[in-house]
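A.B. asks: Full structure from sequences and hints, please.
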Amino acid sequence: MRKLFAQILLVLGLITCVERCAQIVPLGGGKRDQTPPKLIEALPANKSTNFKSNFIVLKFDEFVQLKDLANQLVITPTLKTPPEIFAEEKKINISLKSDELLPNTTYRLFFGKAIADMHEGNALLNFEYIFSTGSFVDSLKVKGKIQDAFNTKAAENILIAIYTELQNDSLPYNKSPEYYTKSSESGEFTFNYLPYKSFKVYGIQDKNRNSLYDGETEKIAFLSSDLKLISDTNIQLSIFQEEAAKTFLKKTNNPYFGLTQLILNKKAIIKLQPLNLNEAKNIHETKPGLEKDTVSIFYKTIQDTLGLLFSLNPLKQADTLKIALPRDNTAKKKFRTFTINTPGDKLALDDKIRLSFLTWMDTTKKDLSKVKLFLKEDSLRKTLPISGKWTSVNIFEINTNIKEGNNYVLKTDSNAFFDMKGFSNDTIRSVFKTQSRAETGKVTLKVLLNKKQNYIIQLVNGQDQIVKQSFISLSLSSSNAATINFTDVPPGTYQAKIVFDDNANKKWDTGRLILKQQAEKVVYASKQIKVLADWEIEEEILIKD
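With our numbering applied, the sequence shown corresponds to residues 1 to 545, in that order.
Treat the hints as calculated values from the structure; they're not laboratory data.
By construction, the Cβ of each residue, glycine as well, lies at the ideal position given by its N, Cα and C atoms.
In silico EDC-like links for lysine to aspartate or glutamate, alpha-carbon gap of 16 angstroms or less:
#1 K527 / E539
#2 K389 / D351
#3 K207 / E156
#4 K527 / E540
#5 K38 / E62
#6 K516 / E242
#7 K267 / D293
#8 K442 / E538
#9 K145 / E156
#10 K411 / D367
#11 K346 / E404
Simulated restraints, written as ranges between beta carbons of each label pair:
#12 K382 / A533: 21 to 29 angstroms
#13 E84 / T190: 26 to 34 angstroms
#14 N104 / S176: 19 to 27 angstroms
#15 G344 / K530: 15 to 23 angstroms
#16 K281 / P255: 21 to 29 angstroms
#17 D545 / L166: 24 to 32 angstroms
#18 N210 / E84: 17 to 25 angstroms
#19 K207 / E128: 25 to 33 angstroms
#20 D351 / R209: 43 to 51 angstroms
#21 A481 / N210: 44 to 52 angstroms
#22 L166 / Q495: 33 to 41 angstroms
C.D. replies: Here it is in structure tokens:
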């Protein structure tokens with residue numbers, strides 16, 4: 001019995017062992033293939049001369065595919081008929097019309113990262129196939145960098161266009177380039193295998209990818225003179241957006257009843273008057289006579305339609321504009337609030353307190369006894385007398401003298417101010433501090449300039465916003481050195497920006513392609529300027545070129 005039991009246990013053990021041995025276990029995988037395809041042979045050979053073939057075969061060491069070919073492939077010079085290109089197992093087949101090829105010309109087919117292996121998608125980066133219809137392959141190279149003319153930052157993904165036609169100044173408007181490439185993230189670009197020729201060079205933002213310059217909606221750069229290639233060359237381009245040739249009204253905006261806005265395509269000084277001259281007293285343009293791209297107009301006692309005559313050019317006849325007005329159903333509360341010019345609860349140095357309302361106010365009716373200004377010193381609070389005036393139909397300026405570096409409370413009770421419909425303000429309490437000169441710094445720039453002309457010297461923050469600026473003019477008899485003192489500079493990190501003000505109009509001007517006029521040159525000092533409170537800093541800036 002014991003023997004039988006032992007035999008049974010032995011059989012069960014063998015069965016268990018067999019079951020375990022029969023279990024399927026995943027095979028241990030090796031490293032993922034990260035090797036891109038490798039070119040084994042090209043027919044005709046890469047860099048062939050006297051090329052006359054209609055068919056090119058590129059043979060690789062593994063199965064290949066084409067990815068995003070339309071965006072990756074660059075053929076220069078451009079072909080009249082685009083070639084047919086397709087992947088077949090381990091080959092890339094290219095079919096083209098040899099009778100359309102130019103004589104004695106080197107062609108380059110740049111695939112970018114379009115060629116990849118079939119299984120892992122590893123891309124063969126920057127692969128290019130070169131051939132020449134002449135007896136030699138052109139070998140000249142052009143390297144360059146393109147930057148934004150206004151802020152000198154690298155301009156990325158710009159179409160760099162080269163043309164061999166030299167007598168046509170409208171090339172970028174109506175003709176695709178013969179040679180082209182795109183600028184990198186750092187603004188750099190390269191052309192290889194160029195011939196000994198002269199070229200016109202442009203940089204085009206090309207938003208719609210039509211390989212043409214579509215005017216002021218895109219940015220443009222150009223080389224001021226023809227590029228005469230006799231050796232490898234480096235070039236620099238500055239891209240700018242042209243100012244619109246004509247000023248026009250883009251749209252109107254009606255935020256609420258009582259205010260309408262005219263949105264222009266660029267800054268301009270306009271002349272404005274109502275269609276009905278009797279309504280002149282019922283409209284008010286804010287900041288009239290100043291150059292601006294948004295014209296704000298307050299109106300009163302006008303319903304349904306606002307009729308205006310406006311002129312963008314004093315020499316031309318005024319245009320007629322009729323604006324459909326919103327219904328006068330805005331809640332009373334809309335006009336009971338106002339803003340005070342104390343961003344961050346601080347009033348700027350030497351500034352006055354201004355209350356800005358949202359609607360046309362009754363400037364003949366106010367009760368300043370309900371406006372109280374308190375000076376807070378330690379635990380004491382001193383009441384200050386209030387006086388002021390309306391500087392616009394919606395802005396009241398308080399003239400009370402206030403001291404720098406002190407804490408104040410402005411309390412405006414209801415029924416202090418009224419709009420034209422008799423609605424009064426809500427009670428509003430504002431706490432703020434006046435800025436102190438001890439909280440600011442002083443920057444002295446000693447600038448040595450290379451040309452005797454007009455300049456704008458600016459102190460700009462990290463967002464390229466102008467914090468301080470000064471204008472200098474170097475006459476032929478003056479020194480090339482200038483000293484600029486910027487006082488009351490808020491603490492922060494800045495850069496000095498020098499604008500070559502060629503036309504002495506005290507602003508940076510963009511370029512004009514048709515006039516072959518570059519944008520005004522801009523140079524940034526390389527060293528950052530860190531301004532501390534109650535501190536003076538001096539920097540020397542040398543402009544060499």
